[in-house]
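Here are the chains, one letter per residue:
2 protein chains.
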Amino acid sequence: MMRTRPLKVALLGCGVVGSEVARIMTTHADDLAARIGAPVELAGVAVRRPSKVREGIDPALVTTDATALVKRGDIDVVVEVIGGIEPARTLITTAFEHGASVVSANKALLAQDGEALHAAAAEHGRDLYYEAAVAGAIPLIRPLRESLAGDKVNRVLGIVNGTTNFILDKMDSTGAGYQEALDEATALGYAEADPTADVEGFDAAAKAAILAGIAFHTRVRLDDVYREGMTEVTAADFASAKEMGCTIKLLAICERAADGQSVTARVHPAMIPLSHPLASVRGAYNAVFVEADAAGQLMFYGPGAGGSPTASAVLGDLVAVCRNRLGGATGPGDSAYTQLPVSPMGDVVTRYHISLDVADKPGVLAQVATVFAEHGVSIDTVRQSGKDGEASLVVVTHRAADAALTGVVDALRQLDTVRGVASIMRVEGE
Amino acid sequence: MMRTRPLKVALLGCGVVGSEVARIMTTHADDLAARIGAPVELAGVAVRRPSKVREGIDPALVTTDATALVKRGDIDVVVEVIGGIEPARTLITTAFEHGASVVSANKALLAQDGEALHAAAAEHGRDLYYEAAVAGAIPLIRPLRESLAGDKVNRVLGIVNGTTNFILDKMDSTGAGYQEALDEATALGYAEADPTADVEGFDAAAKAAILAGIAFHTRVRLDDVYREGMTEVTAADFASAKEMGCTIKLLAICERAADGQSVTARVHPAMIPLSHPLASVRGAYNAVFVEADAAGQLMFYGPGAGGSPTASAVLGDLVAVCRNRLGGATGPGDSAYTQLPVSPMGDVVTRYHISLDVADKPGVLAQVATVFAEHGVSIDTVRQSGKDGEASLVVVTHRAADAALTGVVDALRQLDTVRGVASIMRVEGE
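Protein chains in written order, with this note's numbering: chain F, 670 to 1099; chain Y, 670 to 1099.
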């Protein structure tokens, strides 16, 4: 039974993602209408440069006045694909105030202001959906929020940034250094001219905040996420990883503490065993591992970015939000009832791979081992190699608190026999 | 804002899955209430053997009269984990008639009678959810039905039966024959005493029917699914696969035809390249690859069976159905509007790996090649080896229609110089 009055959609932003959303809304209009139960109509497109020719979009729909568009009052759903904090935040809030539901792909905004936006949606009885904000086309928000709603998620471990995975995969497979791999990523369009948001882990940290909040039904802010970029990963680190049967990935890791009373969220490069499913995630692909009490280990894999994949996620949300609207209902909203606190990085328990440059003389290993013991960090393996009075020592620890490891490293730097700490890398996924 | 009157749940069946559903409903009652917005209460449990002690379940809730339970009139949601066609079908229909929504894990019933059950749900304005019917805990129905609702799915390719994957993985990794690997699967509890439903592909075919229907928004019945079991896969087949850089998996494959005007669904063993993500799915795990126009290639991976994983999927559906009920809405129902016909196996286009025992004399290859050419099947590679007057010929074709290949094989069997067709295996995932 098809309603004939169309649902009206306002599109904010018409770049790579927005133009693809508009294209699919037009070319797949009949399918969307059948799946929603009513036709959807593109009622307006807010852009910055109105003079740009946009194939397939009626120029009469194009406006530079996004605020007027979301205030029109006849808009059922606002699709926000502008990105960034402002004006996106004000436009979304205004959209709720004027009766629209919102589909957004804006990870930065959701990570920073998710609480306020969810509150605004709830206040006005509207939906806020944002599957596209994390890992592009990969269904992840909906499975965590709905499929696992009857389960207890303990861990989310994922590759959520395609640019850095492309660079690290290139370094791993060719032996290239960071700069060389970054240059190739830039040339191929996988990295932006200013790659900071990706390579320093800001993008992944925003996604980690969103995922942790949903997975643990609590509030995790961007500032709660520990973040280390991957610009200092070297070819030597990859060689060390290989010796351990590992590779290196930039991971977003969200964990519930063993006692269940707190959570942590972090982004940093880490060694993972080649046998782990995440190790074989190549190129710019994303993949996220989820561990839950009853479900066990699940993995979701796919393209994490790009116009079409992101548009697919936006349109899936658009269909859901339109259905909710027709049914006079809203989907599952914000869920932060557990109010679990977020612990600092020092409380994270994991394993470490540490490379030291040391003097090649008797007693060094004993000195180093004593430092670890004094800080309560148990050593799993040590490998020593040396020549010409210089030696290197590779120590892999058992699981220990990050704070204890920081103590170890500070103390090691004080030893005369330790010339330098060449690298410290966490070991995950075991 | 929490409603205090609880939602009442009737559980039909209290075996491996049902008892786990009941356990989690009790131990995680607070979480479920917070996520739903109202408490849920186990209002009755229908079993066959009431005398059996069921830990954590109030004996006063246990009944052998499932019909009376679903007819009570105060039940909000019926969870059906009995399995099989009857009495499950009648109980579900009766539940709808008496105002309940239904969560089911019953793949056989959904594959056979999905249309009628969906119609009954729609008639009474109730939900029918069944995430647990396909691939256990792996979110698959919801992503296909909701996350990809704005996209066009072209292909679903998956390992959806853990028993057969365990057996094939064992054969691959140890060189064991089928019987030996099956015996181990039985001993470890991965295979049932009568493994027919698994090894002959009936279980996977039911899942393929469900997945194809949802993916293509059409009606695919169990009888529409072409089915070949994996009991005739040999150690020699694995050796051949290895030579091609492949392994062998029992796959469920649902495809939209190139012209978009029909679909196919099939289950059979197939060679897939070791580089394909499905090749590394080990043991009893399941994984499903989905290819969509905009989203690209997605993969969903996890435990495909077992009490806890299946209970996780059931409970996710239970939360969704309860939320819908509180909101006075229903979720996305049956969607078969495309009415795409299901083509027979003969129309399926794929590649083939054929092993022939032939006479070791000049001209045999020419004869064989002529047969392929006469049927319009183009050869990719041929490998010949022989000794003592006997030879074997391995032919790998380019893509061709299954009907053409059948014609080739029939004709090859007529040749005096072909002593036998040792194996025919499709090659997928390239």
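Check before you lean on any hint, since a few could be wrong.
Note that identical chains are pooled: a pair holds if it fits in a single copy or bridges any two copies.
As the list claims (entries may be wrong) - Computed cross-link-like contacts, SDA-like style, restricted to lysine to any residue with a CA-CA straight-line distance of at most 25 Å:
hint, residue 1, residue 2
1, Lys911, Ser1054
2, Lys911, Gly742
3, Lys821, Asp699
4, Lys677, Ala927
5, Lys1030, Gly976
6, Lys911, Ser944
7, Lys721, Gly1098
8, Lys677, Thr999
9, Lys911, Gly1032
10, Lys677, Gly1002
11, Lys911, Gly1089
12, Lys677, Arg1068
13, Lys740, Ile754
14, Lys911, Ser949
15, Lys911, Ser842
These are computed hints drawn from the structure, not numbers from a lab.
To see whether the hints hold, each was checked on the structure:
1. Lys911 / Ser1054: within (16 Å within a copy, 39 Å between copies)
2. Lys911 / Gly742: neither (59 Å within a copy, 63 Å between copies)
3. Lys821 / Asp699: between (39 Å within a copy, 12 Å between copies)
4. Lys677 / Ala927: Close neither inside one copy (48 Å) nor across copies (33 Å); limit 25 Å.
5. Lys1030 / Gly976: neither (58 Å within a copy, 58 Å between copies)
6. Lys911 / Ser944: both (12 Å within a copy, 20 Å between copies)
7. Lys721 / Gly1098: Neither, since 47 Å and 41 Å both go past 25 Å.
8. Lys677 / Thr999: Close inside one copy (17 Å) and across copies (22 Å); limit 25 Å.
9. Lys911 / Gly1032: This pair counts as neither: shortest intra-copy Cα distance 28 Å, inter-copy 51 Å.
10. Lys677 / Gly1002: both (22 Å within a copy, 23 Å between copies)
11. Lys911 / Gly1089: Classified as within: same-chain Cα gap 22 Å, cross-chain 47 Å, threshold 25 Å.
12. Lys677 / Arg1068: neither (54 Å within a copy, 45 Å between copies)
13. Lys740 / Ile754: within (19 Å within a copy, 53 Å between copies)
14. Lys911 / Ser949: Both, since 14 Å and 20 Å are each at most 25 Å.
15. Lys911 / Ser842: both (11 Å within a copy, 23 Å between copies)
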